[in-house]
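Enquirer: Residue numbers (this note's numbering), protein chains in the order written: chain A, 336 to 533; chain B, 336 to 533.
Hint data in this document are derived by calculation from the structure and do not stem from the laboratory. No incorrect hints appear here.
When chains are identical, the list treats them as one kind, so a pair holds in a single copy or across two.
Below, a list of computed lysine to aspartate or glutamate pairs in the DMTMM-like style, where the Cα atoms sit at most 20 Å apart:
1. Lys386 - Glu348
2. Lys415 - Glu469
3. Lys377 - Glu348
4. Lys369 - Glu347
5. Lys388 - Glu348
6. Lys496 - Glu467
7. Lys369 - Glu348
8. Lys371 - Glu422
9. Lys369 - Glu400
10. Lys388 - Glu340
11. Lys411 - Glu469
12. Lys458 - Glu469
13. Lys496 - Glu485
14. Lys458 - Glu422
15. Lys388 - Glu422
16. Lys369 - Asp456
17. Lys496 - Glu473
18. Lys351 - Glu373
19. Lys358 - Asp425
20. Lys386 - Glu422
21. Lys411 - Glu472
Number of protein chains: 2
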Amino acid sequence: MQIAEPLLRAIEELSKLPGIGRKTAQRLALHVLKSKDEDVSKLVNSLLELKTKLHYCSKCFNLAEGDLCEICMNTKRDQKLICIVEEASDVIAIEKTNEYNGIYHVIGGTLSPLSGIGPEDLKIKELLKRFENETIEEVILALNADTEGEATSLYLARLVKPLVTRVTRIARGLPIGGDLEFADEATIGRAMLSRNLL
Amino acid sequence: MQIAEPLLRAIEELSKLPGIGRKTAQRLALHVLKSKDEDVSKLVNSLLELKTKLHYCSKCFNLAEGDLCEICMNTKRDQKLICIVEEASDVIAIEKTNEYNGIYHVIGGTLSPLSGIGPEDLKIKELLKRFENETIEEVILALNADTEGEATSLYLARLVKPLVTRVTRIARGLPIGGDLEFADEATIGRAMLSRNLL
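Here chain A stands alone, though its shape is the one from the complex (with noise of 0.2 Å):
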């Protein structure tokens, strides 16, 4: 085959992205050869300064151009109310709402001993040093509904519960506009125990 060497190197870089193929890498290309000069420096300067500009907030470990993040530095936030998440897009997720007005903190991920993740892998010696500095009152388990997440959920839970007044989790039930037919029965028989009184 005798395709312009540039051409396959882009596509090779491209198609090492999640979720990217060698087709859509080589759709990506060619488009990427088609547009104008001044697109394309936009995008490359772009994802340059996602690796320059941006770090890792020291206090809740969200992504941060500073020191500290946006939502750190926000003093309009209520600072006793501090939800947990796996990771910094979860944080994008949970923002997205609108519906919560407390600060964060990212653990970076989830026990697995599998796959040799212990607590002192994640970021939780650092959680447990905010309850020293901050006054917290609740802390939101806001994981993924999976059994990683879980079982760290129920870790943590134990964790922090003789530190803080409340510990929840975020309900797990039949997802909004979700056909009960198409659910599947964990979640189903979840949402049946966490049935609400009207």
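With chain A's structure known, arrange chain B on it following the hints.
Expert: Okay, now just chain B, sitting in the frame of chain A:
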């Protein structure tokens, strides 16, 4: 919503790419953020090199690093056989089959009176000029099998027929591995008409 500015900008730039929505863009941006500096600069450089190192072949308008593309420069290829395609990506698709050993001509699209694309917007003048300088025996039309592709094929066939011995078009029929049950009527109808003697 309080998301760090560089992340927002990267998501915006990435979601301008074809087939990349905001959710995918966010996943890609967060992946880049987590990647090693070295991997990011490899990706970025490959994209920049696409724009700086690749041009269009002055003869066939395929992608080329120099004045001529690798296919036009390859003396082992059959110079009497020319395959007309719409885009450079079609050259890649055909090259991958390893079934073709001739040369190409990329016309850069299809005729489309509704979008105001006439013969002068495609590389048709350049194609006709090649017949003066080169000894071409067969023209293979390998345009897409949609309405515009068909119309452009017929237009080109009429144009080049007086100039060469043979004008052919790649076969239309049931795709390999294709199920008769799931093929559309037009494809089955064409496959019946173009049936081969065994």
